[in-house]
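Trainee: Below are the chains, spelled out letter by letter.
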Amino acid sequence: MKPTWWHISLTIMGVACGVLISWLYLTQSTLRAEESTAPNARLIALINHLEEQTQVMENRLVSLRKELEGKQQRQTGGEYRVTALEAELRMLEAQAGLREVAGPGVVITLDDNNSGALSAQQANPGFYQPDNFLIHDKNILYLVNELKRAGAEAIAVNNQRIVPSSTIRCVGTVILVNSARLAPVYEIKAVGDPEALEKAIANGEEFPYLKAKEFPVKITRVNDMLIPAYKGGFDTDHLQPAA
Amino acid sequence: MTKGLSLMAVSLALGLLLTVQFQTQQHLANSLEAQSTNNLVTMWQDLNERKAQLEKEVTNLQANLTELDQQSSLGRSNFETLSKNTARLKMVTGDAPVKGPGVSVTITGESSLLYYDIVDLINELWVSGAEAIAINGQRVTLGTAIGEQPGPNSTTVITVDGKPLLSPYIIEAIGDPAALEKGLTMQGGIIYNLNTLYSIYPEVHQRVLITLPGAGPLSWRYARVRE
Numbered sequence: 155m156k157p158t159w160w161h162i163s164l165t166i167m168g169v170a171c172g173v174l175i176s177w178l179y180l181t182q183s184t185l186r187a188e189e190s191t192a193p194n195a196r197l198i199a200l201i202n203h204l205e206e207q208t209q210v211m212e213n214r215l216v217s218l219r220k221e222l223e224g225k226q227q228r229q230t231g232g233e234y235r236v237t238a239l240e241a242e243l244r245m246l247e248a249q250a251g252l253r254e255v256a257g258p259g260v261v262i263t264l265d266d267n268n269s270g271a272l273s274a275q276q277a278n279p280g281f282y283q284p285d286n287f288l289i290h291d292k293n294i295l296y297l298v299n300e301l302k303r304a305g306a307e308a309i310a311v312n313n314q315r316i317v318p319s320s321t322i323r324c325v326g327t328v329i330l331v332n333s334a335r336l337a338p339v340y341e342i343k344a345v346g347d348p349e350a351l352e353k354a355i356a357n358g359e360e361f362p363y364l365k366a367k368e369f370p371v372k373i374t375r376v377n378d379m380l381i382p383a384y385k386g387g388f389d390t391d392h393l394q395p396a397a
Numbered sequence: 003m004t005k006g007l008s009l010m011a012v013s014l015a016l017g018l019l020l021t022v023q024f025q026t027q028q029h030l031a032n033s034l035e036a037q038s039t040n041n042l043v044t045m046w047q048d049l050n051e052r053k054a055q056l057e058k059e060v061t062n063l064q065a066n067l068t069e070l071d072q073q074s075s076l077g078r079s080n081f082e083t084l085s086k087n088t089a090r091l092k093m094v095t096g097d098a099p100v101k102g103p104g105v106s107v108t109i110t111g112e113s114s115l116l117y118y119d120i121v122d123l124i125n126e127l128w129v130s131g132a133e134a135i136a137i138n139g140q141r142v143t144l145g146t147a148i149g150e151q152p153g154p155n156s157t158t159v160i161t162v163d164g165k166p167l168l169s170p171y172i173i174e175a176i177g178d179p180a181a182l183e184k185g186l187t188m189q190g191g192i193i194y195n196l197n198t199l200y201s202i203y204p205e206v207h208q209r210v211l212i213t214l215p216g217a218g219p220l221s222w223r224y225a226r227v228r229e
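So the sequences go chain by chain: L and W. To convert a position in the first sequence, counted from 1, into this note's numbering, add 154. To convert a position in the second sequence, counted from 1, into this note's numbering, add 2.
Simulated from the structure, these hints should not be mistaken for lab results. Note that the Cβ used here is the ideal one computed from N, Cα and C, for glycine as well. Certain hints may be false.
Short, incomplete list of chain L residues facing chain W, as computed with Cβ under 10 Å [what the hints assert, rightly or not]:
1) S163
2) M167
3) L222
Below, simulated EDC-like cross-link-like pairs (lysine to aspartate or glutamate); rule was C-alpha separation at most 16 Å, straight line [stated by the list, open to error]:
4) K53(W) with E206(L)
5) K372(L) with E341(L)
6) K86(W) with E240(L)
7) K372(L) with D391(L)
8) K225(L) with E69(W)
9) K225(L) with E82(W)
10) K292(L) with D122(W)
11) K367(L) with D285(L)
12) K53(W) with E212(L)
13) K292(L) with E341(L)
14) K225(L) with D122(W)
15) K58(W) with E212(L)
16) K367(L) with E205(L)
17) K86(W) with E242(L)
18) K184(W) with D48(W)
19) K53(W) with E205(L)
Taking CB as the label site, the calculated pair distances span [unchecked claim]:
20) A89(W) with N286(L): 45 to 51 Å
21) G270(L) with P154(W): 39 to 45 Å
22) Q209(L) with P219(W): 31 to 37 Å
23) G270(L) with Y200(W): 24 to 30 Å
24) T374(L) with S114(W): 32 to 38 Å
25) R375(L) with G164(W): 20 to 26 Å
26) N377(L) with Y194(W): 45 to 51 Å
27) Q227(L) with K165(W): 48 to 54 Å
28) N377(L) with E51(W): 35 to 41 Å
Here chain W stands alone, though its shape is the one from the complex (with noise of 0.2 Å):
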């Protein structure tokens, strides 16, 4: 009997020890210390990037307090401000149609493309610093997703918002050019490991002018706003 109560003491002891190993053990794969030099760059830029958007942020607002002051002493209404917020927002969350420079990146024939392999180039294409995108001029909003359905001959058509993508597909987005080439085709890069891994050859081109179309006013059934 006092060998069964030691020997449970024991294993609890021994359980215990192992969860907080593992527990140290996941810490150490998510800290900082763990990560490689490059990695680390990576992230210092990517943080540096951050701090500069939102300083140009605080400034927008700022301007925008001072503005809201200057008509509130000339005794004028908001109308202004209100209406320069809204045409911003508009812009940011798809509603209305914008141009820009930016790039376009084009997937021509037969090829093996996953709807997968969508939903990483808009991902990258943020990444990149895309302020705008469209797919086959469809607008990709706060909920555009990409999908895939039954095509003739037991194939599978990708889908933006449940309809059908018809190749060629091209996706365009407005932004820095330059960056946003870069941020494609840099080595190891989504656009070099779709042509290693699956002989996939999207075509980058910077673009002067683009015009991306509004998807219009989105509207919420269940999420409600809270003031």
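The following block holds chain L by itself, in its conformation from the complex (with noise of 0.2 Å):
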């Protein structure tokens, strides 16, 4: 008997059908063992109670900033080194990341490779590496450098503002911004003149180096957008100004 079109579609069918059932069994096993790991789920319980109590915190740092500059304003009385101080600490703020600001721009988004992992697996499961189909924090960190190179003026990695103590890093398969959790996809804005920062990141190094490994990532240009405001807090304990 000639193999005719149904044949093949019902086997390839068939095939996948049996990686798909024993990857979602193997899925599962793993969830179950995870479980069952009793000192881990006190820790991911500590560091839920955690994330929730500086959450509170920081929506009471947005709300005691708003009170601060409400006050700062009614007392202003027009006095004009007030009014002068009071202008360049606005720059400050909103320099520092402490104020929302909106202009021009690129979004670029990043995810991780996942149809890539999947042929991956299928085609060679011994040698699959998980790894080089993620997103790493050093991708996200090298291109931030990049804008900036550009001439970025505010950014945020997943509505996170970067700052300029702000840190990228992972622990484990996490990414950290801010000490902040993200999860895929990324989406990183920044405001600066959108032409020079498409160019620069379309031709640098990271970008084209993901787009070559087959990630899906993209850059667009924005007529305007908003850079949220950053809502943690600066270390100041060991500094003075100096003359």
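Assembling the complex is the task here: the two chains are given apart, and the hints tell you how they should meet.
Mentor: So this is what it looks like as structure tokens:
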């Protein structure tokens, strides 16, 4: 009997089904194994609790900053040196990341290479390296540096504002920006000259590299967008003004 | 024809299932459940530090508010509070010069250091609690970018904001000296990696007093401050 398109597609689907079912089984069994590790469960509960607490405090900080701003304005009283200082303070707050800013720029989106991971796993399960198909903290760190090189003025990663002391790193497979956990899809917004930013990133190092490795990456020019304010604090315990 | 239709329906269902499974898998990789105990402990410590930082900032803002209320009840203007806040933010943004204890990281000789290593070192210093940083006397601000450009004899030269960086590279950071040193030199940390992977041996020294220059005010052309 000659194989027809019908036989071929049926075979392909049968194989795909088999792979999918075994994979589902594997995922489920890892899930079950993880649930049973008691010390981690306690740590996870602690982390979740701390994340809630810090979020509450962040919101408290935001409302305190608003209250302070309102009081400062009411007490200006038209005094010239005060009005001038207030304008300076507003700009400093924006540049420290404490105020929302708007402007033109670019949005870069990055996602893990899921389809690449799937075909690699199917083609050669023994050599499958999940790490090769994930976006890493360094990809984001270096892209942010490239954006700064191209003159970006305000940047946010998944709505976490980049401030002078921002950190971008990973713990395990989780990317942290300003100590907040991020999940894919990663979205980097940068305000600046849209053409200059797009050109620099598209012809830069990180973006073409990820593209060549078939990660779903995209850069879009935007006429106007908002970059949210930083909700955290600044450490200044060891800092003193120097002349 | 019915064969074709049913095949299409089954393919569709299969595709849908695959997508769902992929999302589960992706979610799993990013979930706390998928992390090792060590990594969870790191995250927990990090969150504790963040909480302490937020608590300090709340206290600071509350003191600010009390001060404003007092000034207002005395009929005085808020000039003093404003200048205090302005001075603090100028230290944070890198506008004003600052001094304090900290560490210096020195990299000498014909090392194979790449500009990425400087980006990593700066990031690692902020992670370890740095409050202000300068590279060869150039203050790191919001916009500071590290790069490279062609040098003599087909070499490349590391740049900071487009200016060539000359050897020795000296990165200075203000903060808790012991915490900064530990953050850089711990087992498996950045200095360890530079030593073992690239034979680069940065020297880290605790310093009692470091003075870092100010970068002056930044000017923005595209970003507008929202009211």
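Trainee: The structure should be examined with respect to each hint, and the outcome stated for every one.
Mentor: Hints, verified against the model:
Contact between S163(L) and chain W, as hinted, is supported at the beta carbon level, the nearest pair being about 6 Å apart and thus within 10 Å. Interface restraint check: M167(L) against chain W, minimum CB-CB distance 6 Å, threshold 10 Å, status holds. A hinted interface residue such as L222(L) counts as satisfied when its beta carbon comes closer than 10 Å to some beta carbon of chain W; here the least separation is about 6 Å, so the hint holds. The straight-line distance between the Cα atoms of K53(W) and E206(L) is roughly 10 Å, inside the 16 Å bound, and the hint therefore holds.
Straight-line distance between C-alpha atoms of K372(L) and E341(L) comes to about 10 Å, which keeps the hinted pair within the 16 Å bound. The hinted pair formed by K86(W) and E240(L) meets the criterion: a straight-line CA distance of about 12 Å does not exceed 16 Å. A hinted pair counts as satisfied when its Cα atoms are at most 16 Å apart, and K372(L) with D391(L) does not qualify at roughly 41 Å. Of the supplied pair hints, the one linking K225(L) and E69(W) holds, its CA atoms being roughly 11 Å apart against a limit of 16 Å.
Taking the CA atoms of K225(L) and E82(W), the gap is about 14 Å. The hint holds against a cut of 16 Å. Proposed proximity of K292(L) and D122(W) is supported: the alpha carbons are some 8 Å apart, at most 16 Å. Under the criterion of a C-alpha separation no larger than 16 Å, the hint pairing K367(L) with D285(L) is consistent with the structure, at around 13 Å. Under the criterion of a C-alpha separation no larger than 16 Å, the hint pairing K53(W) with E212(L) is consistent with the structure, at around 9 Å.
For the hint pairing K292(L) with E341(L), the CA-to-CA distance comes to about 15 Å; that is within 16 Å, so the pair holds. In summary, the hint linking K225(L) to D122(W) is not supported, as the alpha carbons are separated by about 41 Å, beyond the 16 Å threshold. A distance of roughly 12 Å separates the Cα atoms of K58(W) and E212(L); the hinted pair therefore holds under the 16 Å criterion. A distance of roughly 34 Å separates the Cα atoms of K367(L) and E205(L); the hinted pair therefore is violated under the 16 Å criterion.
This hinted pair checks out: K86(W) and E242(L) have alpha carbons roughly 12 Å apart, not beyond 16 Å. Only pairs whose Cα atoms come within 16 Å are accepted, and K184(W) paired with D48(W) is accepted, the gap being roughly 15 Å. Taking the CA atoms of K53(W) and E205(L), the gap is near 9 Å; set against the 16 Å cutoff, the hint holds. Between A89(W) and N286(L) the C-beta distance comes to about 48 Å, which sits within the given range of 45 to 51 Å.
Between G270(L) and P154(W) the beta carbon distance is about 41 Å. The supplied range of 39 to 45 Å therefore holds. Evaluation of the 31 to 37 Å hint for Q209(L) and P219(W) yields a pass: the beta carbon distance comes to about 33 Å. Distance hint check for G270(L) and Y200(W): the Cβ-Cβ separation is about 29 Å, which falls inside the suggested range of 24 to 30 Å. For the pair T374(L) and S114(W), the beta carbons lie near 37 Å from each other, so the given range of 32 to 38 Å is met.
The supplied range of 20 to 26 Å is met by R375(L) and G164(W), whose beta-carbon atoms lie about 24 Å from each other. For N377(L) paired with Y194(W), a C-beta distance near 46 Å keeps the hint of 45 to 51 Å intact. One distance hint, 48 to 54 Å for the beta-carbon pair Q227(L) and K165(W), is violated here, with the actual separation near 40 Å. The given range of 35 to 41 Å is respected by N377(L) and E51(W), whose C-beta atoms sit roughly 39 Å from each other.
When held up to the earlier numbered hints, the structure conflicts with 7, 14, 16, 27 and fits the remainder.
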